[in-house]
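Letter by letter, the chains look like this.
There are 2 protein chains.
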Amino acid sequence: MAERMGERAREAVADAAVREAIASLSSHFGERLSIGRALREQHANTITWLDNEAPDAVVFAESVEDVQFVVRTCARHGVPVIAFGTGSSLEGQINAPDGGISLDMSRMNRVLSVHPEDLDCVVEPGVTRKQLNEHLRDAGLFFPIDPGADASLGGMASTRASGTNAVRYGTMKDNVVALTAVLANGEVITTARRAKKSAAGYDLTRLFVGAEGTLGIITSLTLKLSGIPEAISAGVCAFPTIRAACDAVILTIQSGLPVARIELLDEVQVRACNAYSKLDLAEKPTLFVEFHGTQASVHEQAERFGEIATDFGGGPFIWETRPEDRTKLWQARHDAYWACLPLKPGAKALATDVCVPLSRLADCVDETKRDIEEMGMIAPIVGHVGDGNFHTVTLVDMDDPHDVAKAKDFISRMVKRSLAMGGTATGEHGVGQGKRKYMEAEHGAATLDAMRAIKAALDPLNIMNPGKILP
Amino acid sequence: MAERMGERAREAVADAAVREAIASLSSHFGERLSIGRALREQHANTITWLDNEAPDAVVFAESVEDVQFVVRTCARHGVPVIAFGTGSSLEGQINAPDGGISLDMSRMNRVLSVHPEDLDCVVEPGVTRKQLNEHLRDAGLFFPIDPGADASLGGMASTRASGTNAVRYGTMKDNVVALTAVLANGEVITTARRAKKSAAGYDLTRLFVGAEGTLGIITSLTLKLSGIPEAISAGVCAFPTIRAACDAVILTIQSGLPVARIELLDEVQVRACNAYSKLDLAEKPTLFVEFHGTQASVHEQAERFGEIATDFGGGPFIWETRPEDRTKLWQARHDAYWACLPLKPGAKALATDVCVPLSRLADCVDETKRDIEEMGMIAPIVGHVGDGNFHTVTLVDMDDPHDVAKAKDFISRMVKRSLAMGGTATGEHGVGQGKRKYMEAEHGAATLDAMRAIKAALDPLNIMNPGKILP
Numbered sequence: 001m002a003e004r005m006g007e008r009a010r011e012a013v014a015d016a017a018v019r020e021a022i023a024s025l026s027s028h029f030g031e032r033l034s035i036g037r038a039l040r041e042q043h044a045n046t047i048t049w050l051d052n053e054a055p056d057a058v059v060f061a062e063s064v065e066d067v068q069f070v071v072r073t074c075a076r077h078g079v080p081v082i083a084f085g086t087g088s089s090l091e092g093q094i095n096a097p098d099g100g101i102s103l104d105m106s107r108m109n110r111v112l113s114v115h116p117e118d119l120d121c122v123v124e125p126g127v128t129r130k131q132l133n134e135h136l137r138d139a140g141l142f143f144p145i146d147p148g149a150d151a152s153l154g155g156m157a158s159t160r161a162s163g164t165n166a167v168r169y170g171t172m173k174d175n176v177v178a179l180t181a182v183l184a185n186g187e188v189i190t191t192a193r194r195a196k197k198s199a200a201g202y203d204l205t206r207l208f209v210g211a212e213g214t215l216g217i218i219t220s221l222t223l224k225l226s227g228i229p230e231a232i233s234a235g236v237c238a239f240p241t242i243r244a245a246c247d248a249v250i251l252t253i254q255s256g257l258p259v260a261r262i263e264l265l266d267e268v269q270v271r272a273c274n275a276y277s278k279l280d281l282a283e284k285p286t287l288f289v290e291f292h293g294t295q296a297s298v299h300e301q302a303e304r305f306g307e308i309a310t311d312f313g314g315g316p317f318i319w320e321t322r323p324e325d326r327t328k329l330w331q332a333r334h335d336a337y338w339a340c341l342p343l344k345p346g347a348k349a350l351a352t353d354v355c356v357p358l359s360r361l362a363d364c365v366d367e368t369k370r371d372i373e374e375m376g377m378i379a380p381i382v383g384h385v386g387d388g389n390f391h392t393v394t395l396v397d398m399d400d401p402h403d404v405a406k407a408k409d410f411i412s413r414m415v416k417r418s419l420a421m422g423g424t425a426t427g428e429h430g431v432g433q434g435k436r437k438y439m440e441a442e443h444g445a446a447t448l449d450a451m452r453a454i455k456a457a458l459d460p461l462n463i464m465n466p467g468k469i470l471p
Numbered sequence: 001m002a003e004r005m006g007e008r009a010r011e012a013v014a015d016a017a018v019r020e021a022i023a024s025l026s027s028h029f030g031e032r033l034s035i036g037r038a039l040r041e042q043h044a045n046t047i048t049w050l051d052n053e054a055p056d057a058v059v060f061a062e063s064v065e066d067v068q069f070v071v072r073t074c075a076r077h078g079v080p081v082i083a084f085g086t087g088s089s090l091e092g093q094i095n096a097p098d099g100g101i102s103l104d105m106s107r108m109n110r111v112l113s114v115h116p117e118d119l120d121c122v123v124e125p126g127v128t129r130k131q132l133n134e135h136l137r138d139a140g141l142f143f144p145i146d147p148g149a150d151a152s153l154g155g156m157a158s159t160r161a162s163g164t165n166a167v168r169y170g171t172m173k174d175n176v177v178a179l180t181a182v183l184a185n186g187e188v189i190t191t192a193r194r195a196k197k198s199a200a201g202y203d204l205t206r207l208f209v210g211a212e213g214t215l216g217i218i219t220s221l222t223l224k225l226s227g228i229p230e231a232i233s234a235g236v237c238a239f240p241t242i243r244a245a246c247d248a249v250i251l252t253i254q255s256g257l258p259v260a261r262i263e264l265l266d267e268v269q270v271r272a273c274n275a276y277s278k279l280d281l282a283e284k285p286t287l288f289v290e291f292h293g294t295q296a297s298v299h300e301q302a303e304r305f306g307e308i309a310t311d312f313g314g315g316p317f318i319w320e321t322r323p324e325d326r327t328k329l330w331q332a333r334h335d336a337y338w339a340c341l342p343l344k345p346g347a348k349a350l351a352t353d354v355c356v357p358l359s360r361l362a363d364c365v366d367e368t369k370r371d372i373e374e375m376g377m378i379a380p381i382v383g384h385v386g387d388g389n390f391h392t393v394t395l396v397d398m399d400d401p402h403d404v405a406k407a408k409d410f411i412s413r414m415v416k417r418s419l420a421m422g423g424t425a426t427g428e429h430g431v432g433q434g435k436r437k438y439m440e441a442e443h444g445a446a447t448l449d450a451m452r453a454i455k456a457a458l459d460p461l462n463i464m465n466p467g468k469i470l471p
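Residue numbers (full-length UniProt numbering), protein chains in the order written: chain A, 1 to 471; chain B, 1 to 471.
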């Protein structure tokens, strides 16, 4: 029927449906539902150049039953429902291109249980990673995934987040043991038990990790924890070229050195960090490196890494085990984004990421840098290079259409370069709206059809965060 | 229509369909298709107490196109297709309860590429793990997953295999980077790129790992490799009780000691191994332990483990770094299954596994041992205890219905005990036919419905290994 309607008529029907859904939800949730414009806009994309596409209403969930009520109401009226954590996603994952209800999960922020003997915990999805790590500190445990932002764990699971520690501790796919989720039919599923491994049926845990809320709404997570290391050593090491730094990374990984973090900053980023964080690093391609272990082993690892660095013309590798020195270093790394802004006053800093096989990392970074230079852009490079993953932080004057077009073109070429090298369109930021257009080139038509079949099987009405991931 | 037919009429239709499918396949594959009874029976379950349910024919695939041809032919006639690797699965995964075509993948056994810099390789599914490790040795690399049998890597992926090294290196879910598979519609999908991580869409890799061929036929695998460790230390340590051994395991894991293997043998199993492998171990609950790393770190790790063992009344921990000593030890561990057989001459040894949160491991093993004693059975226990995973090897006189019934009852209670402790029905053997009946208790109805929806979406005709996993 809908196919035969004109665009206007369809919109009118959708408007009526959303009004009815909001009326139902409003009478149930009272003040926990809001249609205020400012709040709605805060619940859509605000970070990148993607338009802010606000939902029609925001509901603050406080329980699984709340989530079920919202989903069932939205299903009845055919209205989209978009889960919201902290809003730190980078590819428009929280936008509402077809309107609908933003389901704010931030009040579902209880740590439900911690099992130190099992190295796991169960949390609600609105718990943020910093909140969890505060909670765990006294138990000598931590949750290692660190995407930079203090994101919610539900959001981190949904975008398959990773970050600086992933080279040692894996990504969200490796650290979510199990989850519960409300499906489009309103039913709650539990994807796995708390056992460390299982061979009992389809791996729904990993299917929901990275699904960006398009298959269901995560309502709890069982997370793998790690012991806070007894000792940590960390340091910086400058290299003559990007390639030398990348070659040192490859040999470090190949040698089985269990490096906890190994981050590349190109000379542009180092210069920015020196200015912003008052450092006096040599303005060359530089690795920030960290090792976790016993006192003896972090000493041994740092020494070995120093030898590898020297082999590739890098160094000296200056490393420290004092917490205050390490903190200064990693604060500077985490502030890299902010450090970029003064490089082009008034510009917006647009972070994008790709990930290639490690053997192609130097090629990919080199070619990307050449592109930046040839285009006359400012776009420092930072990377979780132990995984072959790197970011450009492109500085764009959003009021200059030419500058915007140039940056879009640059990012598109960067993604295509990654795909041509056997890499992916995104190592950790996810697809959202921004990278949907690359999905066919990355996966091929048959694979996308399989993804669409799964989506349709679990969400036949297409109400769960529509317009994301699948083109 | 089929619903209104009687059982006989349905069978006649199915018989006709399978005859037509075999005729089509036979004219295409010639001698690579066989309907010989002995060969067909070898391609069904031969290991456990599940009946041997032979397929109607066996086809030896040599290419992706062969697999596509078989699947498309089977789809056209509505005939089941069951992938076969080496036949070492333990829960009837390769049985053909509804007849159909066994698709033998053993000739697709080429290592397609090895990328030492990326620590990965691409293989066809018929490559076995020992074959791969032979191939890799000169490059200083190895594939760590070791389920005991020299299984095919396609089969290991399909059952989500793990084994002794999983505590350090993970299971197949952690070591398959990407795969290609032929879907029920005959299309080939590629689940991921060779990049170490990606956030680009649904994780079809992990969906196919553990799906036991019910969603498609794996035609190649990109596998993560590890460097052969510079040094290895290994040893044995006896404990006064199972609980003391388990407590030592918990503290070892909690301390972040990166143990590569930590295997529990109960005193019954130790006695059997002493006799079979000519060892003189104390006949007590015993841990076999191995550490991988640098010379200094494996020394340090072994020393630390020795201290932990002493804290729980275990020890002395006698460890070695000489390969010949380690080989003898692990050969004995791998021969544990054979060592059990003389304990009850003429009996069949039925291996089953469960996996519980580590904190419940001692409870679960203790209660299981009590059950064994009270039932007057012989069932040694061995376990990959760093993961909370353990096996019983139940010795059963298959000619004695009472003995068989008792053993079935015992295994059923063991699974229910695991589930009641937050564990799973199977940590690594998979579901197949044998554990389907526990899936509802493990997952709940809503989760099973979601799995069924995914199965129906990708295999609407239910031709891919029907009668497995889902009850």
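Read the hints as simulated data drawn from the structure, not as lab findings. Among these hints, one or two may not hold up.
Identical chains blur together in the list; that is why a pair holds if it fits in one copy or across any two.
As the list claims (entries may be wrong) - With a straight-line cut-off of 20 angstroms between C-alpha atoms, the simulated SDA-like cross-links for lysine to any residue are:
(1) K328 - L281
(2) K406 - R370
(3) K408 - G78
(4) K224 - L251
(5) K348 - A405
(6) K408 - D311
(7) K224 - R168
(8) K224 - G170
(9) K437 - W49
(10) K130 - R417
(11) K416 - H299
(12) K284 - F312
To see whether the hints hold, each was checked on the structure:
1. Taking CA atoms no more than 20 angstroms apart as the test, K328 paired with L281 passes inside one copy only; the shortest distance there is 13 angstroms, against 53 angstroms between copies.
2. For a Cα distance limit of 20 angstroms, the shortest separation of K406 from R370 inside one copy, 15 angstroms, qualifies, whereas the shortest one across copies, 72 angstroms, does not.
3. In this homomeric assembly, K408 and G78 never come within 20 angstroms of each other (Cα to Cα): the closest approach is 34 angstroms inside a single copy and 49 angstroms across copies.
4. Proximity of K224 to L251 under the C-alpha cut-off of 20 angstroms is restricted to the inter-copy arrangement: shortest distance 16 angstroms between copies versus 29 angstroms within a copy.
5. For a Cα distance limit of 20 angstroms, the shortest separation of K348 from A405 inside one copy, 14 angstroms, qualifies, whereas the shortest one across copies, 71 angstroms, does not.
6. In this homomeric assembly, K408 and D311 never come within 20 angstroms of each other (Cα to Cα): the closest approach is 38 angstroms inside a single copy and 61 angstroms across copies.
7. When the C-alpha separation of K224 and R168 is checked against a cutoff of 20 angstroms, the pair qualifies both within a copy, at 14 angstroms, and between copies, at 14 angstroms.
8. Within a single copy, K224 and G170 get their C-alpha atoms as close as 11 angstroms, and across copies as close as 13 angstroms, so both meet the 20 angstroms cut-off.
9. In this homomeric assembly, K437 and W49 come within 20 angstroms of each other (Cα to Cα) only inside a single copy, at 16 angstroms, whereas the closest approach across copies is 52 angstroms.
10. In this assembly of identical chains, K130 and R417 lie within 20 angstroms of each other by CA distance neither inside one copy nor across copies; the values are 35 angstroms within and 36 angstroms between.
11. In the homo-oligomer, the alpha carbons of K416 and H299 never lie at most 20 angstroms apart, since the shortest distance is 41 angstroms inside one protomer and 47 angstroms across protomers.
12. Taking the closest pair of Cα atoms, K284 and F312 come within 20 angstroms of each other only inside a single copy of the chain (14 angstroms); across copies the shortest separation is 52 angstroms, beyond that limit.
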